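Engineer: Each chain, written out:
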Amino acid sequence: MKLAYFAWVRERIGIAEEEVALPAGVVTVGDLLYWLKGRGETYDAALQAPEIIRVAIDHEHVDHSEPLAGAREVAIFPPMTGG
Amino acid sequence: MAETRDSADLAATMYDGGREAVPASGASAAIKGENAGPGGIPIDIRVTSERIDAGAVTSVLAGSGAVGALVTFTGYCRDEGGRLKALELEHYPGMAERQIEKIAREAVTRWPILGCAAIHRYGLIAPGEEIVLVACSSAHRGAAFEAASFLMDFMKTSAPFWKREHLVDGTIGGWVETKDTDDAATDRWHRL
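Top to bottom, those sequences are chains A and B.
Each residue of the first sequence is one higher than the one before, counting from 1 in my numbering.
Each residue of the second sequence is one higher than the one before, counting from 1001 in my numbering.
Read the hints as simulated data drawn from the structure, not as lab findings.
Here the structure is a predicted model, which is why all the values come from computation and not from measurement.
No residue lacks a Cβ here, since even glycine has one placed at the ideal position from N, Cα and C.
The reader is advised that the hints may include incorrect statements.
Unchecked claim - A few chain B residues facing chain A, derived, Cβ under 10 Å:
1. Asp-1079
2. Ala-1096
3. Thr-1157
4. Val-1176
Said to hold, decoys possible - Interface residues of chain A toward chain B, partial, derived using beta-carbon atoms under 8 Å:
5. Ala-7
6. His-61
7. Phe-77
8. Pro-78
9. Pro-79
10. Thr-81
11. Gly-83
To be verified - In the DSS-like style, the derived pairs of lysine-lysine whose C-alpha atoms are separated by at most 30 Å in a straight line are:
12. B:Lys-1163 to B:Lys-1085
13. B:Lys-1085 to A:Lys-37
14. A:Lys-2 to B:Lys-1085
15. A:Lys-2 to B:Lys-1102
16. B:Lys-1179 to B:Lys-1085
17. B:Lys-1102 to B:Lys-1163
18. B:Lys-1179 to A:Lys-37
All chains, please: the whole structure from these sequences, using the hints.
Structural biologist: Okay, here's the thing in structure tokens:
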């Protein structure tokens, strides 16, 4: 599965995207954020407050309860500030 | 209702003719969405690093006898009292176009508009330059005002763009934080 990071999430993690193989038990977006947060200091810094983090699966906004099954690209980013 | 739809179809035909004659601003960098929304209503979606030619966009939208009202909104980069050198707009290519198009299609189904444009820039934007342009045309002003306002509110809260400040002193400032007022502005449309 491809993960893409944007804005300060990207900066804190230190990379813009990566391919990951999900461990068993990571089923929802919320599970993914929790698992990522435990992968190291940079991830922990980016995902300190997972409740404010926004997630999109294949370019559509999703809730943290959304299952990851079938997702090709999961994007993780802060609240949007365009316009 | 049928009358509105007929006018929209007629307008779409005329717009499509006009569109050919008007070069898209920054066509090389522009990513264009579908040209027609529900009912053949033209929707001009662009995510581009180039300047937005508001005159070209509005002349296409207003170029039909069916149009009685055209509302445009342009969002500009402020200098924040002389502190800001530029805003950097990061975006999520692909999703940005998709979300803006989704918002525009929703606007077209909710209001009897005859055409709309939603164009957002990315990259470094200097104070005084435009960041975003939204325009909606309709037979009467009510629908055009409301649809443009709706489009803009949702552009701010669901199109994947993020602003970062570049300061006059050469440093890169922080990422701009979300405003609760933007979420409140978006929420009001859910209550209608």
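Engineer: May I ask you to test the interface hint for His-61 of chain A with respect to chain B, counting a Cβ-Cβ separation under 8 Å as satisfied?
Structural biologist: Holds, about 6 Å.
Engineer: When the nearest CB of chain B is found for Pro-78 of chain A, is that gap smaller than 8 Å?
Structural biologist: Holds. Min distance 7 Å.
Engineer: Below or equal to 30 Å on CA atoms is what counts here, so check Lys-2 of chain A against Lys-1102 of chain B.
Structural biologist: Satisfied, since the Cα-Cα distance of roughly 24 Å is no more than 30 Å.
Engineer: How about Val-1176 of chain B: closest beta carbon in chain A under 10 Å, or not?
Structural biologist: It holds, given that the least Cβ distance between Val-1176 of chain B and chain A is near 5 Å, below 10 Å.
Engineer: Hint validation: Ala-7 of chain A versus chain B, beta carbon distance must be below 8 Å. Holds or violated?
Structural biologist: With Cβ-Cβ at 4 Å, under 8 Å, it holds.
Engineer: Sort out whether Lys-1085 of chain B lies within 30 Å of Lys-1179 of chain B, counting only the CA atoms.
Structural biologist: It holds: about 22 Å lies between the C-alpha atoms, which stays within 30 Å.
Engineer: Does the interface hint hold: is Asp-1079 of chain B within less than 10 Å of chain A, judged Cβ to Cβ?
Structural biologist: 18 Å, violated
Engineer: Please verify that hint: Ala-1096 of chain B, Cβ, nearest Cβ of chain A, below 10 Å or not.
Structural biologist: 8 Å, holds
Engineer: Given the hint that Lys-1179 of chain B pairs with Lys-37 of chain A, does the C-alpha gap stay at or below 30 Å?
Structural biologist: 26 Å, holds
Engineer: Under the criterion that the straight-line Cα-Cα distance not exceed 30 Å, is the pair Lys-2 of chain A, Lys-1085 of chain B satisfied?
Structural biologist: Judged against 30 Å, a Cα distance of about 35 Å means the pair is violated.
Engineer: Can you verify the interface hint for Phe-77 of chain A: is its Cβ closer than 8 Å to any Cβ in chain B?
Structural biologist: This interface hint holds because 7 Å falls under the 8 Å limit.
Engineer: Mind checking the alpha carbons of Lys-1163 of chain B and Lys-1085 of chain B for me, to see if they're no more than 30 Å apart?
Structural biologist: 13 Å, holds
Hints 1, 13, 14, counting from the list given before, are not met by this structure.
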